[in-house]
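K.L.:
Go by the hints and put chain B onto chain A.
Protein chains: 2
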Amino acid sequence: MACPFKGLTDITRRNFFTAAGGVGLAAVAGAGLGFGLGPAARLFERNPRGAEKFYGAHQAGIVTPQQSHSYFAAFDLTTDKRDEVVSLLKDWTEAAAQMTQGKSVAGDGGDARGLLPSRLTATFGFGAGLFSKDGSDRYGLAARRPATFVDLPKFAGDQLIMEKSGGDLSVQACANDPQVAFHAIRQFARIAGERAHIRWAQTGFLSGGNDGETPRNLMGFKDGTQQPKDHDKFVWVGNEGPDWMQGGTYLVARRIRIALEHWDSMDVAAQEEIIGRKKISGAPLTGRNEFDALDLNATDKDGNYIIPENAHVRLGNAAANGGAEILRRGYSYNDGVNFIAERWPPWRQRIEYDAGLHFISYQRDPKTFIKMFDRMAKQDALNQFTTHNGSAIFACPGGARAGEFIGQRLFV
Amino acid sequence: MACPFKGLTDITRRNFFTAAGGVGLAAVAGAGLGFGLGPAARLFERNPRGAEKFYGAHQAGIVTPQQSHSYFAAFDLTTDKRDEVVSLLKDWTEAAAQMTQGKSVAGDGGDARGLLPSRLTATFGFGAGLFSKDGSDRYGLAARRPATFVDLPKFAGDQLIMEKSGGDLSVQACANDPQVAFHAIRQFARIAGERAHIRWAQTGFLSGGNDGETPRNLMGFKDGTQQPKDHDKFVWVGNEGPDWMQGGTYLVARRIRIALEHWDSMDVAAQEEIIGRKKISGAPLTGRNEFDALDLNATDKDGNYIIPENAHVRLGNAAANGGAEILRRGYSYNDGVNFIAERWPPWRQRIEYDAGLHFISYQRDPKTFIKMFDRMAKQDALNQFTTHNGSAIFACPGGARAGEFIGQRLFV
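In order, the protein sequences belong to chains A and B.
Per my numbering, the very first residue in the first sequence carries number 1; after that it's consecutive.
Per my numbering, the very first residue in the second sequence carries number 1; after that it's consecutive.
Next comes chain A alone, as it looks inside the complex:
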């Protein structure tokens, strides 16, 4: 198994003890999960407080082991000047390079000095509006939009709130401290000034057992067991993309409210039929251990599939999608309660949890997600409990090398 900490650098004397403690725990936990996993592909490391590398061939925060907290912000560009877009990306890159290493940025109120780096990553994406908006080629980039970078169609059941969807630019800050993530976004927003305004934002978190164990979503199931191991094949854009997208990837974000009141009233056996996995172990209904492969053909004595035809894991499985895989890196969200009208029986209209999953996936080609999700939106048994109310897609360029800014090669 590859060392899951190869990105962990710059452990200062002050936080060495904490970070080292985290490494120790993770190494112990990780060892139990064994071989055959991709390089740190599905690890969740909630304890280390050191710094993640910022510069590199890929942006951090994509195949980086997930941190415990996320703050995702989508921005609308409010300038009509290409130069100001360039200067914004330069300023953001510089600030991200500083903050991820636990350093202050000019004018940040000194807040970062009191906090540890906490594995902060900042991941940037470009929305359709950077290329053209309302028919206007406002920055001279319309011709540079990759054909691959399509808009998402309307999916079955979509109940999208436009104020929680779209955006010209995205920044996701992830860290093992919610305030470190939020602090970073506040700095990006402050630095943006009148060049870009926040359009929507979403906080998120992961929880579960010890470091190295698959986190559990708000439905109580392990989430993230099945992930692509071959990132070059499934995540990173290769030669097929323009120069600036090579080493990059496409991000899909979906705000999925889960009717947890209804979910909590189901018995565990019913929940397991819907998901296709066992609740506590995470094993497929056809297996004994979390990482056992699904047996999609196994049937019971009556000839019914053991993993039902509309089970969530069947529809998302590579074997059911012509071998296609997506990298999921979402976070649970919890926005308290709100007055909500349910779309499923018993069609209650009252104060309900506004909580669920801020689904985030990365894929080399958005069509992979679209094809997979189109079928899930129609057939997934889980749809009885979920409502997609926010949606966005962004092109995340390749990583910046030292001295470059994020997306630089798009502007040359």
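Accuracy of the hints is not assured; some may be wrong.
What the hints assert, rightly or not - Here chain A is said to cover these stretches of chain B; the calculated rule only asks that three of the stretch's residues, wherever they fall, bring their Cβ under 8 Å from a Cβ of chain A:
no., stretch
1, 178 to 189
2, 212 to 221
3, 260 to 268
4, 332 to 338
5, 345 to 355
Unchecked claim - Here are the computed distance ranges between Cβ atoms for each label pair:
no., chain 1, residue 1, chain 2, residue 2, range
6, A, SER281, B, ASN321, 52 to 58 Å
7, A, GLU194, B, ARG343, 19 to 25 Å
8, B, ALA270, A, GLY193, 16 to 22 Å
9, A, ARG375, B, SER136, 53 to 59 Å
I should point out that these hints are in silico values taken from the structure, not numbers from a laboratory.
Think of the CB as a built atom: it goes at the ideal place given N, C-alpha and C, for glycine as much as any other residue.
P.N.:
Quick look at chain B alone, frame taken from chain A:
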């Protein structure tokens, strides 16, 4: 210094390693803070994953060292039967006693099995509506409402949203894992069924450096340095209260949005004048170290107070309040962004952070809070950045002994 872990029990073999690691770190960090602190009065312990005691003379979650996450829910009672209120409190007590020890409750979907206890506490409070509502003595308790338990007045600047205020019952779940706290509230809501519905809910978190250090609020300042050391004098109701409130306390909750966009545009020196403390160290402007006493009389060469007359810490200080103190146990909250009309220059109306402080204080007599805050609401320099939009007060009865239910002595 008293051991901050005396409430930490039931370390199972599985989580001993983690919990022990937490103890070790905390002991190291705590040692640096030194003597003179009350018994664990202001410690913040974000790492231990063991269990806190549930039964005792006081409810847990009040003077308990703060956990990293909170989920606060206020309920409206929807039954008109006194017996159903009693059965609800019995059911909640039993569930809390189980869940805080990391055990499942019947029908909880097995979720707790995959999570560690994470120092979960559940703290219950009674709102005015338990005693009478809309003029109706619906449970025969109107005469039992203590005279001390007054309603909060309207304070200067209040912009209260009724849907985020009040409530007949409150439960705050705190834990070192956001999902553990939320899971507990979901179980309380499920168990309540048609006896009580959630009225409002608020998630919260703390962040900062290592265990034992004072956490930092969203303004980047250490928050919680000054806390009462004598809980019997300032927190717990004594002989002056009815039997059921002895060993209990009064809880005030205020949802305080902070205009962080404006705050972030201030330089640090100005922020420090407003607060009355130094940002990084937390020391008063008249001192060098975080725990130095405030010198409220110190003046500069021009005769001006070094801690300004309208500085936040001056107005909240015991010496400026006739020796009165309150125990603060609030959490930062972050509900993303929302369309907000600012009440201060530059009176912007646009998407802004819906984030700030879910202020929670405990005091032996609500009048202590009312007197202190009435002046702060009028004079505090910090008011330029804050808007109180939610408010509630609850009587938290004394703790339950094994075999009792929370509040039992109110119903005999």
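K.L.:
Holds or violated: 16 to 22 Å for the Cβ distance of ALA270 of chain B and GLY193 of chain A?
P.N.:
Given about 19 Å between the Cβ atoms, the range holds.
K.L.:
Has the stretch 178 to 189 of chain B got at least three residues whose CB is nearer than 8 Å to a CB belonging to chain A?
P.N.:
holds (count 8)
K.L.:
Can the stretch 212 to 221 of chain B be counted as covered by chain A under the rule of three residues or more with Cβ-Cβ separation shorter than 8 Å?
P.N.:
holds (count 3)
K.L.:
Does the Cβ pair GLU194 of chain A, ARG343 of chain B satisfy 19 to 25 Å?
P.N.:
holds (22 Å)
K.L.:
Indicate whether the distance between the beta carbons of SER281 of chain A and ASN321 of chain B respects the range 52 to 58 Å.
P.N.:
holds (56 Å)
K.L.:
Starting from the hint 53 to 59 Å, judge whether the C-beta atoms of ARG375 of chain A and SER136 of chain B obey it.
P.N.:
Since the Cβ atoms of ARG375 of chain A and SER136 of chain B sit about 54 Å apart, the hinted range of 53 to 59 Å holds.
K.L.:
Three residues or more, CB to CB closer than 8 Å: is that satisfied between the stretch 260 to 268 of chain B and chain A?
P.N.:
holds (count 8)
K.L.:
Are there at least three residues in the stretch 345 to 355 of chain B whose beta carbon sits under 8 Å from a beta carbon of chain A?
P.N.:
holds (count 4)
K.L.:
Three residues minimum, CB to CB under 8 Å: does the stretch 332 to 338 of chain B make the cut for coverage by chain A? Let me know.
P.N.:
Held - the stretch 332 to 338 of chain B has 5 residues with a Cβ nearer than 8 Å to chain A, which meets the minimum of three.
When held up to the earlier numbered hints, the structure conflicts with none and fits them all.
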